[in-house]
Structure formats: C-alpha cells, structure tokens
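Chemist: These protein sequence lines map, in sequence, to chains A and B.
Under numbering that gives the first Met the number 0, the first residue of the first sequence carries the number 0, and numbering increases by one thereafter.
Under numbering that gives the first Met the number 0, the first residue of the second sequence carries the number 0, and numbering increases by one thereafter.
Simulated from the structure, these hints should not be mistaken for lab results.
Possibly wrong hints are sitting among the right ones.
[As the list claims (entries may be wrong)] One side only, chain B facing chain A, incomplete, derived with CB under 7 angstroms:
no. : residue
1   : G14
2   : G28
3   : F115
4   : I124
5   : L132
6   : Y148
7   : N271
8   : F275
9   : G282
10  : S285
[As the list claims (entries may be wrong)] Straight line, CA to CA, 20 angstroms or less: simulated SDA-like cross-link-like pairs of lysine to any residue:
no. : chain 1 : residue 1 : chain 2 : residue 2
11  : A       : K5        : B       : D208
12  : A       : K142      : B       : Q55
13  : A       : K112      : B       : T293
14  : B       : K67       : B       : Q272
[Claimed, not checked] Restraint ranges, calculated between C-beta atoms of paired labels, are given here:
no. : chain 1 : residue 1 : chain 2 : residue 2 : range
15  : B       : I30       : A       : M119      : 20 to 26 angstroms
16  : A       : T192      : B       : N271      : 52 to 58 angstroms
17  : B       : R298      : A       : L199      : 34 to 40 angstroms
18  : B       : G209      : A       : E108      : 48 to 54 angstroms
Only a predicted model underlies this, so the values are computations on that prediction, with no experimental measurement involved.
Even glycine gets a Cβ: it sits at the ideal position worked out from N, Cα and C.
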Amino acid sequence: MRRSKKLSETIGQILLWAFLIAALLIFSVPFIFMITNSFEEFSYVLPYPPKLLPHRLDFSAYAHILSMDIFPTAVKNSVINTCLTVAASVLISTLSAYGFARIDFPGREAIFKLYLFTLMMPSFLNIIPQFLVLRGIELPWLKNGLIGTRLGLILVYTATNVCGHTFFLRNFFRSLPDSLSESVMLDGGGHGTIFFKVMLPLSTPAVGTMTIFAFQGFWEEYFTAKVLVGANEDMITLPLLLQRLNGQYATRWEWVFAASILALIPVIVLFIVFQKKMVVGGLTQGSVKG
Amino acid sequence: MDTLMTARKKRLKKGAQGWLRALPFILPGLILVAVFVVYPMLFTIRISLSEYKIVQGEITFLGLDNFKNVLAGGSRFWYAYRNNFLYAIVTVPFIILGGMFFAYLINNLKRGQGIFRVGFYLPVITSWVIVSLVFQYMFNNSSRGLINYFLVDVLHVMDDYIPWLLREWSGNAAIWLMGIWKNMGWAMIIYLAGLQGISKELYEAAELDGAGLWKKFVYITVPALRPTTYYVMVNMIIGSFNVFIQVMMLTGGDPNGKTSALQYLLYDRAFNQFEFGEASAIGLISAVTIVAITFLLNRRLKLDDVEKEG
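One chain only, chain A, in its complex shape:
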C-alpha cells in the first residue's frame, strides 16, 4: 500500500517534469532562435529555411561585435550608469522609506500619497519637462545644460525610481517590530543609530531584491536614454547600440543577436546567483489585501 503510493508519487513527479520541460522548450523558442542565428552568417538575404536549431558553432559574429570601436564605450556607459544609478537610488530610497515608515511628521501621509499617485502615471509622461529641466541647469562649460551628460541621465533615472522604491521598502520597514527601535531609543540612540545599526542589517534581503530589480531595469532602459543622451555618441548605452545595429545592418541578424546575447549575460548571471535569496514576497506584503 505504502509502496504503491510512493511509486505513483514518483511517476507523478516524472510526468510533471516531462510536462514542464516540454512547456519550457516551447517557451524558450525565441531564445533558441536568437542563439542559433547568432552563429549563422547572413548575407543580403535572410536564409531559407529559417533555422531554429543550431547546426554550427561560429563565434565570428561575437568577435565582430567585440571588435567594434563603439562596443566597449557602450558597455562602459551601461555599467557606470547602471551601477551609479542603482547605488544612488537604493541609498536615497532606503533613507526616505525609513523616514516615511518610522518617523512621525505632519504631512507625512499626504506626501506619501503623492508618491503613490506618481506611480500610476504613464512612465514617460514627464520626459519632455524633464528634458527641459535638465537643459535649464546651466553650467558654464556645458552648451545644453545637463542634456547629453551622464549626470543628467543618472539624476532622472534616480528620481523616477525614488517613489516606487520608497513605497516598496516602507512596507518592509513597517513590518519590523517596534521593540527593536525602542530598545535603541532607551539606550539614548537616535534615528540614525536605529537606521544603520538595526534597520539596515535586517533589511538586506529586501534591499538586495530591490537592487537586483533596479539593476535589471536600468540596464535595459531605452527610452529615457534615447531622449536625454541619444545625441551624444560618447554616452551611447547597450540598448541604444542594439537598436542602432538593428537599424544600420538590418540584414546582419547575427550581429544584432550576438550583441543582444552579450548584453543579456550580466543580468542572467545576476539573476541565477541571487534568485534563491530574493524575497519577492515583500513586494506584495502589506501592499494589497484581499
């Protein structure tokens, strides 16, 4: 009796595996297609029949992309922009989330509601005024203000993410028990001590999760970069480069796909390394109740 139950359970697991593998394979068709075609060599016409499965391993497209003069520039910019933005936005949002979660001040709820409200706005409703604000920040050595500069892009990136990140982390800070901060207060510590000694160490999973989501978001950001720094060749980022490759060499798909895969690798690695530690639960926790 018990053995037959175990047997049927094993069979169930195997069937489940088989089904999920099949589903995942179908689901992965676009990726397989991309990888396969990055090994192809395209001339002026697309190959017939189109190839789904790789039948040769040819890395010359990758070599070509890596040897392009502009590729290191795009990688450098994407890395610097993403890292600086993530650092700034995580630091600023963690601080302000603590302020909104743990310190009582008049108008707190109103300001927080305003933050929430901005989250509902279409993502690039504000791009035109943002462009104007950046252009209006005049510095003697810049012709167009902060347009076309790294600083300008990072400022806008960071600012547009403060509301969402503050919202996410505030819920987390609220879920921590009061007793922790009270004991610090009793010892004569202020909010600074509570934040750095108690809250920050406890919130590493939440902050970490947010950091990864933020990294991924900024790494692939296209539209804001296109509008704010698109005209400055030195500021090109990977998504901008990909779109340009597509426009310039419409038939050289192997280059486009090879560059796409190269751009994807960092995010995939990051996700695989951290996926077990992510607390996605925090995202829904306390934000929506049924």
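Since the structure of chain A is already known, use the hints to place chain B on it.
Modeler: Leaving out everything else, chain B in the frame of chain A:
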C-alpha cells in the same frame, strides 16, 4: 485661551521637531521627486493647455485646443486608445492564468525548481529591445520568418505567407503574444511567493479526501491566491497602458495607426512631429484613464491599499 495657545504651540513645535528628525532621511528623495517628477507633471499639464515651441522656448496658452485636436483629429487616437484596452483584455488573463498554473506546477516539484524558475523568468529580465528584435525576425513577412515558414512549409495550415506585422489584427496579435510571453514569468515569480503562504494542512486535508493535483488547484490554490491575483492584475493593467517599445519596433503603428498605442502616439507626436502640446494631452488622457481604472479596480475588488493599513 492660554492653554489653547500653548497646546497649539506645542503641536507646532512637535510638528517642527518631527520634520527636523525626518528631513535627513527624506530630503534627498524629496528634492529629486519635486524637481524631476512633480514639477514635470505640473509642467506637462501646462504644456497640454498651450502651444509650445521648444526651440524658441515660447509657450502660449490655448485652453483645451490640444485635447480637442487629439480627440477629434482623425482615428489615430481612438485606434491607439482601443488597442491599449484590447492589450489589457487579451494579455492580462493569459498572464494571470499562465503565471498561476506554472507557479503551481513548479511548486509541486520535489527537485529542480530552480531550472524552471530561471527558465520561465528569462523573458522578464531580457530587455524589451532585444525581445522585440527577436519577434521582428520571427514574424518576418516572407518565407524567411520562422512563423510563416512553420505554418506554411512545415504544417501546411496556410497557403500563403502572411505579412504579419503589416496588418491590423496579426500585427496586434504579435504585440499581444510578446506581452504575454514577456510578462508571464513575472506573474509566476509573484505567485510562487504567494504559494508559500498557503498552509500545507489545507492540501493534506484535501488529499485525505482523495483530491488530485487539479482539484487541489481549483479548490484551494486559486481562492487562496486571490490577493496575489489582484496585485498581479493591477500591475499588469497599469503596464498595459505603458506599451511602447514593442509597438515602435514591431509595427510602428502600421497600417495607419491601427496597431498603435497611446505611448507610441505620444512619442510620435512629441519627437517626430514636435507637437508637444498634443503629446502632453495624450499623456494626460492616458494618465487619467489609468487612475480611473485603478480606482475602479480598488472599489470593485475591495482592495485595501497601504494607506488604510498604515
């Protein structure tokens, strides 16, 4: 009188102290939000009511003309507006059902969950630009596109190659398919987290009654995941009004704006035709729509959001 004064004074003092304590934490965020989010939002409203010449920096008040022009200016706006709603109606159910279904199956695996978590999540972490490039090629008009080749030359279900991305409904379908494919993994990850909150005892009790995987899914999992489903739904519906890159890269709104979407229209008006007033009006119309939808969903589904909790 005196006590009232002191009470008020005390309150003021307490308020000021609260601000003093909070400022070091919230000030950097507050400045950035004020300069790059709130001020631009107000400015957008102003531009939407004006004629704005960006080069000269001239701004002339027009009243509601931009809105009138957008709403009356041909069918393009209405196609775009319709398509945003259609996108939400078509993709959101698939994303929710698919995400929930696969999360449930993966959660029932004893070994190897990680492979599927990563596998189904890959499209989410892949940039919209890259995904659009792949779909562009897959939906290529000629026999060279994977979909055409497969349907005509392999399966023989169609006689002729279809220029998918040049026609209204097949173009929209490609945009929808991409949206479903790209977002399902996100829903799955959220559902996987939600599933951790369902107590094992419920399942065990059902098993004693002889319920299989499917019955447990329908009678325990789906109802228990309701809060998660609301969360996914609200997020995805708001997301449906932000559709942009796939439209730009797959169809460019062709034919004649019939596959367009609001954000694409906004982009086109602003950065190709330099009609910033109309572009801002479009942005505001979609903002109002999103706020209204969120409000209705909250009411209908009796969502408690954070404000009530706090």
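Chemist: Please name the hints from earlier in the document that this structure breaks, with their numbers sorted from lowest to highest.
Modeler: Number 7 - this is the single hint that the structure violates.
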